[in-house]
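Take these sequences, add in the hints, and give me the full structure.
Protein sequences appear in the order of chains A and B.
Letter 125 of the first sequence, counting from 1, is numbered 125 in our numbering, and no numbers are missing.
Letter 123 of the second sequence, counting from 1, is numbered 269 in our numbering, and no numbers are missing.
Calculated directly from the structure, the hints in this document are not laboratory data.
All figures in this text were calculated on a predicted structure; none of them were measured in a lab.
By construction, the Cβ of each residue, glycine as well, lies at the ideal position given by its N, Cα and C atoms.
Relax, there's no trap hidden among the hints.
A partial selection of chain B residues facing chain A, derived with a Cβ cut-off under 7 Å:
#, residue
1, V279
2, S280
3, Y285
4, M292
5, M300
6, R304
7, E353
Under the rule of at most 20 Å between Cα atoms (straight-line distance), these lysine to any residue pairs were calculated in the SDA-like manner:
#, chain 1, residue 1, chain 2, residue 2
8, B, K430, B, E456
9, A, K86, B, R349
10, B, K168, A, V81
11, B, K310, A, I120
12, A, K86, B, L357
13, B, K297, A, G83
14, B, K297, A, H79
15, A, K123, B, R304
16, A, K22, B, P402
17, A, K86, B, K272
18, B, K382, B, D254
19, B, K344, A, W78
20, B, K344, B, H313
21, A, K86, B, A278
22, B, K196, B, F177
23, A, K22, B, V403
24, B, K297, B, D396
25, B, K272, A, V81
26, B, K344, A, H79
27, B, K297, A, V81
28, B, K272, A, H79
29, B, K297, A, V140
30, B, K310, B, C455
31, B, K310, A, R76
32, A, K22, A, R130
33, A, K22, B, P283
34, B, K384, B, D433
35, A, K123, A, V140
Listed here are the chains, written in short residue letters.
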Amino acid sequence: MSETYLPEGLPAPVPMNDGLDKPYWDALLDGKIMVQRCADCGTWQWGPEWICHNCNSFNMEWTEVTGEGTIYSWERPWHPVHGALKDHGPYIVVLVELPDAGNVRMIGNLLGDPAQEVTIGAKVKAVIERHDGDQPYALVQWQVAD
Amino acid sequence: MSDRTLRGKTAIVGVGETTYYKHGQSPDPEFVLVLKAILAACEDAGIDAKEIDGFASYSNDRNEPTRIAAALGINDLRYSNMNWGGGGGGVAAAVGNAAAAVAVGLADCVVAFRGLAQGQFQRFGKAPPVTAVSGDPAYMSPYGVMSPLQKYAMRAMRFMHENKVDHSVLRAISMASYTHAQNNPRAVMYGRPLSEEKYDDSRWIAEPCRLFDCCQENDGAAAVIIVSAEKAKDMKQKPAYILGAAQGSDHRCGAPVMNASNFPSSSFASLAPRLYEMAGVGPKDVDVVQSYENFTIGVMMAVVEHGFCEPEECNEFFQLENLTAPGGKMPLNTSGGNLAECYMHGLGLQIEAVRQIRGDSPNQVPGADVALSIAGPMVHHVSTDILGSEATL
Chain A
1 MSETYLPEGL PAPVPMNDGL DKPYWDALLD GKIMVQRCAD CGTWQWGPEW
51 ICHNCNSFNM EWTEVTGEGT IYSWERPWHP VHGALKDHGP YIVVLVELPD
101 AGNVRMIGNL LGDPAQEVTI GAKVKAVIER HDGDQPYALV QWQVAD
Chain B
147 MSDRTLRGKT AIVGVGETTY YKHGQSPDPE FVLVLKAILA ACEDAGIDAK
197 EIDGFASYSN DRNEPTRIAA ALGINDLRYS NMNWGGGGGG VAAAVGNAAA
247 AVAVGLADCV VAFRGLAQGQ FQRFGKAPPV TAVSGDPAYM SPYGVMSPLQ
297 KYAMRAMRFM HENKVDHSVL RAISMASYTH AQNNPRAVMY GRPLSEEKYD
347 DSRWIAEPCR LFDCCQENDG AAAVIIVSAE KAKDMKQKPA YILGAAQGSD
397 HRCGAPVMNA SNFPSSSFAS LAPRLYEMAG VGPKDVDVVQ SYENFTIGVM
447 MAVVEHGFCE PEECNEFFQL ENLTAPGGKM PLNTSGGNLA ECYMHGLGLQ
497 IEAVRQIRGD SPNQVPGADV ALSIAGPMVH HVSTDILGSE ATL
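Structure, rendered in structure tokens:
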């Protein structure tokens, strides 16, 4: 079994060139999952944006979350739309709500058998998946919590 | 009613389309396809192409109005408009923007158009050829979420979960398009019917969608011509009056990483009430519906959001006999739509709505006076318009 859920060769994430989400990607390499929270009104926000969608403050802070979540929705792609996935077979993508961060949602793969039954509402736990190379990065994956 | 309305002020008086090809098989470059569609629309309308003085399109169409105007020898280019947003969410918006320009006198004769030659350019259904991604794609592509279906499947999966929707709903939507295409010689899928068995046996593309839940990718071009209602009365074709057009989406629909507030949605929840208010009609008055099928899942949620059935009624409502002309409760995609006629980024559906109002659809709904056309469900900026016959004014 490979160390990563999907084969190498998919597009690699790089921080936006205006610096908005660099703290997120840097923190992931340090083993921490951070999302945005407004320092003024406390609203949680994901994905990253320069301004709070609730109070329009620019005073957004990066806040570490526990990595405990709930499956909100999911899909199982079969057809490979990228060369790196040719002959790979199906895989599962989940959209996970984070109850301890205002129910913001994160995307990741559901680790384990790609044929497994997926249950909306199931509790999941984040697993940080490192991709070490010339330009290292890390991803957030999910596994069903015991 | 406020006079800040499009209702009845303009009409579609000409429609044009090229031959529809499978993707990559157009013998013509994209720009030539666009010119041919515009000229066909002019001929249909009975006007000279030099009477066009405005252009409206969407989805970053590559064919700029200045080039078209120069190529056609237009004397006075008065209006050009690009509706932001990828995908086909801007079809009805382009028609609405054209109508708005005519209604307030910015221009007199505006063409809404779209051209696609995916052999010449990048295909929609393939991941872009890049090795690194930033912004929203950085949170999706590394997890294998790259194609339009992969980006939207989870909206439907949640909707189907919340409302206990059966896969038979998606099958009925697909079969309605294929059924209608069998009477439409222009349809790419003419002569290629779809059975329940063939649908059920087809491969998964991304659950919850099978092959036949997904639109084709095609090459071609289409155009519609919009003039004032006053001018339309004396022209060659029976006018299809624009009763209303609306565009947009609800709270934080475009929020990154799938954080839209109203996620299990086709993005029409706030738009549909605005549309009906302007048009002065409700879902019960609509005789025929064209709903852009990027994927059947988007049609399902869009039809619900336009008030044709409640979310929990999907399993009963979406039956093939309810969705087919001439006798169905809500005839849907009567040309064969994006699934089975052609994926001309939805502009073909506008043309079919015009045909229904004129009375010359290959699957005519008897006495159709009100035709509703939905554009680009599930993308982050969508649009819908309603056309009416003279009797609706």
